[in-house]
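Colleague: Chain by chain, the residues:
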Amino acid sequence: MTYTMPLHIQDTDDDDSNYILIAKIDNVKNVSQLLKAVHFKEECLNIFGASTVSGITTALHLCYAGYGSPLVLILEEGGVLTDCRIKTQETEEVLDFQFSPENVVNKVIMKSEILREAWSDLDMTSEILQIVMSPDKPYFRLSTFGNAGTIHVDYSKDSDMVESFQCTQTQSNRYKISLLKPSLKALIQSLKISIRTDEQGIICLQYMIKTEDEHVCFVEYYCVPDEEVEVGEYE
Amino acid sequence: MKGIIPGNNVKVFGRAIHALAKIGEDIYIESEEAGLFLQTVNSARSAYACLCLSPHFFAIYEEGSGIKWKVAMKSCMMAFKSLTSLEKNVDKCCLELGTNEDKLIVQLHQKHGMVKTFYIPVIESETLQAVFQKNGSASTLTAQSRLMSDGIQNFQASVEEVTLSVSPDKVTLCNFVDDEPDPTKVVHTALSLEPEEFENYQLNHCAEITFCLKEFRAVLTLSEGSNVPVSISFEDPGRPIIFSVKIEPDLEADFVLATLADHNKGQLSSSGSSSPQRNINKPTSVVVSRPRKSLNNKHAQEVVSKQALHLPLTSTSPSMEHKEMEEYVVPGTPPSKRFCSMFLGLSQPSQFTSMAPDPDEVLAEATDEEES
Numbered sequence: 019m020t021y022t023m024p025l026h027i028q029d030t031d032d033d034d035s036n037y038i039l040i041a042k043i044d045n046v047k048n049v050s051q052l053l054k055a056v057h058f059k060e061e062c063l064n065i066f067g068a069s070t071v072s073g074i075t076t077a078l079h080l081c082y083a084g085y086g087s088p089l090v091l092i093l094e095e096g097g098v099l100t101d102c103r104i105k106t107q108e109t110e111e112v113l114d115f116q117f118s119p120e121n122v123v124n125k126v127i128m129k130s131e132i133l134r135e136a137w138s139d140l141d142m143t144s145e146i147l148q149i150v151m152s153p154d155k156p157y158f159r160l161s162t163f164g165n166a167g168t169i170h171v172d173y174s175k176d177s178d179m180v181e182s183f184q185c186t187q188t189q190s191n192r193y194k195i196s197l198l199k200p201s202l203k204a205l206i207q208s209l210k211i212s213i214r215t216d217e218q219g220i221i222c223l224q225y226m227i228k229t230e231d232e233h234v235c236f237v238e239y240y241c242v243p244d245e246e247v248e249v250g251e252y253e
Numbered sequence: 038m039k040g041i042i043p044g045n046n047v048k049v050f051g052r053a054i055h056a057l058a059k060i061g062e063d064i065y066i067e068s069e070e071a072g073l074f075l076q077t078v079n080s081a082r083s084a085y086a087c088l089c090l091s092p093h094f095f096a097i098y099e100e101g102s103g104i105k106w107k108v109a110m111k112s113c114m115m116a117f118k119s120l121t122s123l124e125k126n127v128d129k130c131c132l133e134l135g136t137n138e139d140k141l142i143v144q145l146h147q148k149h150g151m152v153k154t155f156y157i158p159v160i161e162s163e164t165l166q167a168v169f170q171k172n173g174s175a176s177t178l179t180a181q182s183r184l185m186s187d188g189i190q191n192f193q194a195s196v197e198e199v200t201l202s203v204s205p206d207k208v209t210l211c212n213f214v215d216d217e218p219d220p221t222k223v224v225h226t227a228l229s230l231e232p233e234e235f236e237n238y239q240l241n242h243c244a245e246i247t248f249c250l251k252e253f254r255a256v257l258t259l260s261e262g263s264n265v266p267v268s269i270s271f272e273d274p275g276r277p278i279i280f281s282v283k284i285e286p287d288l289e290a291d292f293v294l295a296t297l298a299d300h301n302k303g304q305l306s307s308s309g310s311s312s313p314q315r316n317i318n319k320p321t322s323v324v325v326s327r328p329r330k331s332l333n334n335k336h337a338q339e340v341v342s343k344q345a346l347h348l349p350l351t352s353t354s355p356s357m358e359h360k361e362m363e364e365y366v367v368p369g370t371p372p373s374k375r376f377c378s379m380f381l382g383l384s385q386p387s388q389f390t391s392m393a394p395d396p397d398e399v400l401a402e403a404t405d406e407e408e409s
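These protein sequence lines map, in sequence, to chains A and B.
Throughout the first sequence, residue numbering follows this note's numbering, covering 19 to 253 in sequence.
Throughout the second sequence, residue numbering follows this note's numbering, covering 38 to 409 in sequence.
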């Protein structure tokens, strides 16, 4: 998952000249909210405080001096400073899905609300979620195949909840529910979602999230289709 | 069979399924000219519910010429999980089952052009028939659901059974305390109602009836949502108590609950009243006969239905049943059936058999016959 949000990236000044990255934000909640959306372990987020007292915001000053250095977090709340240093680890190579907009075959933008409702109805005992996107009926269909039965949820392309419907060819792909589930955290917080698939069936779920300060941020989630399913196994 | 339930009835239907789900693990469905019948029975066979939806409950109803089938409750609940969503979002609900299909199709047409389709596997084609008399020599009380739900709210969540004591000038509802080692250490809750609070108060003789609260709550799930009264019919202890709900004009439901036999009488003659077993209580005389036929086989249906089985319902609380089962059930046997017969045979004092069906009549076998 990746996320993008506006942080104030400072030019290095005298005090901070040792750092290669310095970022400041007035309300740390904006960061922690997004970190939750990218499936961060909750306990790691306690560092940002769990206080929900209204009117009090915690400011964050984040610095990093480069390879081998700790990540420095300075939190300030009501004149109280907390200085944290988190040891950094070797990075694993980030998987590149090589999902490029030129290869997008189908694209739907809809309000998250209507997709949340579907998630609550789909059968989580199913191993896979099948997504059909098509210029013709059923247009946009989510299906699960669980122990208790098969469920299809269909959306009309003309629904008032569907903002944009650009499907050029009929695609039916299956994704492991266990892989898609983490993105629910982002879905819950989001206002809109853009669902795109490319020629290979790789799906990109882009969630639009508004922070407390009305900043618009995006969380993107990529998933490859499940190859192990035999054709005809599901209806 | 095809039925389309209009939006205003979808929530009622959903609530009916929720009420059934509080009782049994399967729903038996029958489509006839007179309407659609939904039935369920709990695993101990001490509670049974039957719902009848008249053809007018539907916008369109095409009967399935006596088509009968059984589906798992949890499958059905997938479609009707959220009552709020059913009320807010669903414009209409279509039910469909072809003659030779093995899937019941439930389709919810929702706002915003969303359609949810549920393919619910039909487990078996079988029926459930309860034998009970609704209008015998019973006493009948009718009260608003609200009165009763307010009443039972006073009981602790751990209360499993309640006793309804009815006399010409008072109705008392109290929790039934029986198998506690020290009854003085248990919270006793009793609540009195005046006959004037009831819409109908037709009493043949005073009675003290003890039944399970859990299934009574299921009755109220259905009736309270539509704000309709519940009629309670009962005779003597040990005879079934029947709760009837009518949601005008097209839905009628009967919930038949087993009751405990007169425990005072039992104590007099029971030698071991301190026994951990509840042997002072006698099962009721409710009988469920249950013809079964193989899938889509008219001939087999006729043959088997003549061998109607009589499964007496037991009168224990669920926790009690499990205790009993752990002691006596042979692993691998169907628990409920096994339990019925074991429980009757072991814990029923023989002097009470006059009020209950002869335990020897219990025919818990022969339901799995397959016709070719």
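Just so you know, these hints were derived from the structure itself, not from any lab.
Mixed in with the good hints there might be a few duds.
As the list claims (entries may be wrong) - Under the rule of at most 25 Å between Cα atoms (straight-line distance), these lysine-lysine pairs were calculated in the DSS-like manner:
{"hint": "1", "chain 1": "A", "residue 1": "LYS125", "chain 2": "B", "residue 2": "LYS171"}
{"hint": "2", "chain 1": "B", "residue 1": "LYS171", "chain 2": "B", "residue 2": "LYS140"}
{"hint": "3", "chain 1": "A", "residue 1": "LYS129", "chain 2": "B", "residue 2": "LYS251"}
{"hint": "4", "chain 1": "B", "residue 1": "LYS118", "chain 2": "B", "residue 2": "LYS39"}
{"hint": "5", "chain 1": "B", "residue 1": "LYS148", "chain 2": "A", "residue 2": "LYS129"}
{"hint": "6", "chain 1": "A", "residue 1": "LYS155", "chain 2": "B", "residue 2": "LYS129"}
{"hint": "7", "chain 1": "A", "residue 1": "LYS175", "chain 2": "B", "residue 2": "LYS111"}
{"hint": "8", "chain 1": "B", "residue 1": "LYS118", "chain 2": "A", "residue 2": "LYS199"}
{"hint": "9", "chain 1": "A", "residue 1": "LYS125", "chain 2": "A", "residue 2": "LYS47"}
{"hint": "10", "chain 1": "A", "residue 1": "LYS47", "chain 2": "A", "residue 2": "LYS228"}
{"hint": "11", "chain 1": "B", "residue 1": "LYS111", "chain 2": "A", "residue 2": "LYS194"}
{"hint": "12", "chain 1": "B", "residue 1": "LYS111", "chain 2": "B", "residue 2": "LYS140"}
{"hint": "13", "chain 1": "B", "residue 1": "LYS140", "chain 2": "A", "residue 2": "LYS155"}
{"hint": "14", "chain 1": "A", "residue 1": "LYS54", "chain 2": "A", "residue 2": "LYS194"}
{"hint": "15", "chain 1": "A", "residue 1": "LYS194", "chain 2": "B", "residue 2": "LYS118"}
{"hint": "16", "chain 1": "B", "residue 1": "LYS39", "chain 2": "A", "residue 2": "LYS155"}
{"hint": "17", "chain 1": "B", "residue 1": "LYS148", "chain 2": "A", "residue 2": "LYS155"}
Colleague: Please go over all the hints and tell whether each is borne out by the structure.
Modeller: Do the hints match the structure? See the list:
A C-alpha spacing of about 60 Å is found between A:LYS125 and B:LYS171, which places the hinted pair above 25 Å, so the restraint is violated. Our distance criterion of 25 Å between C-alpha atoms is broken by B:LYS171 and B:LYS140, whose separation comes to about 34 Å. The suggested pairing of A:LYS129 with B:LYS251 is violated, with an alpha-carbon distance near 40 Å, which exceeds 25 Å. With a C-alpha separation of about 22 Å, the suggested pairing of B:LYS118 with B:LYS39 holds against the 25 Å cut-off.
A threshold of 25 Å between alpha carbons decides the hint, and for B:LYS148 with A:LYS129 the separation of about 14 Å falls inside it, so the pair holds. A C-alpha spacing of about 20 Å is found between A:LYS155 and B:LYS129, which places the hinted pair at or below 25 Å, so the restraint holds. Of the pairs offered as hints, the one joining A:LYS175 and B:LYS111 is violated, with about 31 Å between alpha carbons and a cut-off of 25 Å exceeded. In summary, the hint linking B:LYS118 to A:LYS199 is supported, as the alpha carbons are separated by about 20 Å, within the 25 Å threshold.
Between A:LYS125 and A:LYS47 the CA atoms are separated by roughly 31 Å; this puts the pair beyond 25 Å, and the hint is violated. The straight-line distance between the Cα atoms of A:LYS47 and A:LYS228 is roughly 12 Å, inside the 25 Å bound, and the hint therefore holds. With a C-alpha separation of about 23 Å, the suggested pairing of B:LYS111 with A:LYS194 holds against the 25 Å cut-off. Distance hint between B:LYS111 and B:LYS140 is fulfilled; the C-alpha atoms sit about 14 Å from each other, no more than 25 Å.
Restraint check for B:LYS140 and A:LYS155: satisfied, since their Cα atoms lie roughly 22 Å apart, inside the 25 Å limit. Distance restraint check for A:LYS54 and A:LYS194: the Cα-Cα separation of roughly 21 Å lies within the 25 Å cut-off, and the hinted pair is therefore satisfied. Of the pairs offered as hints, the one joining A:LYS194 and B:LYS118 holds, with about 24 Å between alpha carbons and a cut-off of 25 Å not exceeded. As the CA atoms of B:LYS39 and A:LYS155 are separated by approximately 23 Å, the hinted pair is consistent with the 25 Å bound.
This hinted pair checks out: B:LYS148 and A:LYS155 have alpha carbons roughly 18 Å apart, not beyond 25 Å.
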